[in-house]
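S.K.: Chains V and F supply the protein sequences, listed in that same order. Residue numbers 1 to 111, in our numbering, belong to the letters of the first sequence in order. Residue numbers 1 to 113, in our numbering, belong to the letters of the second sequence in order.
No wet-lab data here; the hints were simulated from the structure. Heads up, some of the hints might be wrong.
[To be verified] Simulated crosslink set (DSSO-like; lysine-lysine; CA at most 30 Å straight-line): (1) V:Lys70 - F:Lys78; (2) F:Lys57 - V:Lys67; (3) F:Lys78 - V:Lys2; (4) F:Lys14 - V:Lys56.
[Claimed, not checked] Here chain V is said to cover these stretches of chain F; the calculated rule only asks that three of the stretch's residues, wherever they fall, bring their Cβ under 8 Å from a Cβ of chain V: (5) 29-40; (6) 43-49; (7) 72-81; (8) 102-111.
[To be verified] Here are the computed distance ranges between Cβ atoms for each label pair: (9) V:Glu5 - F:Asp63: 29 to 35 Å; (10) V:Lys67 - F:Asp18: 41 to 47 Å; (11) V:Gly59 - F:Ser62: 40 to 46 Å.
No residue lacks a Cβ here, since even glycine has one placed at the ideal position from N, Cα and C.
Okay, here's what each chain looks like letter by letter:
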Amino acid sequence: QKEVEQDPGPLSVPEGAIVSLNCTYSNSAFQYFMWYRQYSRKGPELLMYTYSSGNKEDGRFTAQVDKSSKYISLFIRDSQPSDSATYLCASLSYNTDKLIFGTGTRLQVFP
Amino acid sequence: GAGVSQSPRYKVAKRGQDVALRCDPISGHVSLFWYQQALGQGPEFLTYFQNEAQLDKSGLPSDRFFAERPEGSVSTLKIQRTQQEDSAVYLCASSQLGAHEQFFGPGTRLTVL
Numbered sequence: 001q002k003e004v005e006q007d008p009g010p011l012s013v014p015e016g017a018i019v020s021l022n023c024t025y026s027n028s029a030f031q032y033f034m035w036y037r038q039y040s041r042k043g044p045e046l047l048m049y050t051y052s053s054g055n056k057e058d059g060r061f062t063a064q065v066d067k068s069s070k071y072i073s074l075f076i077r078d079s080q081p082s083d084s085a086t087y088l089c090a091s092l093s094y095n096t097d098k099l100i101f102g103t104g105t106r107l108q109v110f111p
Numbered sequence: 001g002a003g004v005s006q007s008p009r010y011k012v013a014k015r016g017q018d019v020a021l022r023c024d025p026i027s028g029h030v031s032l033f034w035y036q037q038a039l040g041q042g043p044e045f046l047t048y049f050q051n052e053a054q055l056d057k058s059g060l061p062s063d064r065f066f067a068e069r070p071e072g073s074v075s076t077l078k079i080q081r082t083q084q085e086d087s088a089v090y091l092c093a094s095s096q097l098g099a100h101e102q103f104f105g106p107g108t109r110l111t112v113l
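The following block holds chain F by itself, in its conformation from the complex:
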């Protein structure tokens, strides 16, 4: 089935390295969301796109975090100068009908050493 896909599934980075996480939403889904999930916690909102427009980035924890969706389909979450506290699972979700019906990808597990 054509669900949300994310790559890589696992990423290990040394502190200070830059990383890029990719999300392929369900085809035709206008809305795309990024979340951060720490161990034992629920997902926390990072940012939201409608097509290529980033409408809400209030959840991005610092200016080291940057997301883009240049053609309104694939999205990339970039983290610059990674820190140990960035270690988490990064989840992407897409939606066609509205934020109440989001479909999540499997996530990218980022470990910063």
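In isolation and in its complexed conformation, chain V is listed as follows:
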């Protein structure tokens, strides 16, 4: 079992929809939770990170962490075709510098 699990999709939604992307994790030592966006043939781009439980909002993006259920979410409001990419969740424990990634969810937003 991988430490971070993520549904690979693909997820296809119409423009303007609210998108929900999710991951689960198994390591209780994880303290930081990151979301990266990766366009085809590009490197991952850090969208946002959350420390411990709670919500964090940045524009159309909201990250949510529920440590009690070991569940990580990213919500995208008013999705745009330019949001079409692979979204990677990643986690980091307090005693290591090793990011653990999920497999990524491929999102397609059609006009």
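Using the hints provided, position chain F relative to the given structure of chain V.
M.R.: Okay, now just chain F, sitting in the frame of chain V:
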């Protein structure tokens, strides 16, 4: 902008050849990370440097893989006697504040024939 740069962007090698992949981190970033990303998968950690010190190399898949950062800036990932299973994208990331805020380069796509 002065982001992380990697070279070459694409590399084709014959099985058994040695390859060297270069990473130029963001200026002033103390930490540097290498990852391997197979097709359809998330990046997997290979190794981590803080300045010139290699603090973690637990992700290197075999002793054919070697990384260095001699002056605490540019880093090179070397793969000796390449095998077909080494075909992947090799990503470099750097960080100033900590591992939770890593900035990635575009990657080097290695194809071993």
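S.K.: Could you run down the list of hints and mark each one as holding or not?
M.R.: Outcome of the hint check:
no. : hint                          : result
1   : V:Lys70 - F:Lys78             : 37 Å, violated
2   : F:Lys57 - V:Lys67             : 29 Å, holds
3   : F:Lys78 - V:Lys2              : 27 Å, holds
4   : F:Lys14 - V:Lys56             : 47 Å, violated
5   : 29-40                         : holds (count 4)
6   : 43-49                         : holds (count 4)
7   : 72-81                         : violated (count 0)
8   : 102-111                       : holds (count 7)
9   : V:Glu5 - F:Asp63: 29 to 35 Å  : 31 Å, holds
10  : V:Lys67 - F:Asp18: 41 to 47 Å : 45 Å, holds
11  : V:Gly59 - F:Ser62: 40 to 46 Å : 43 Å, holds
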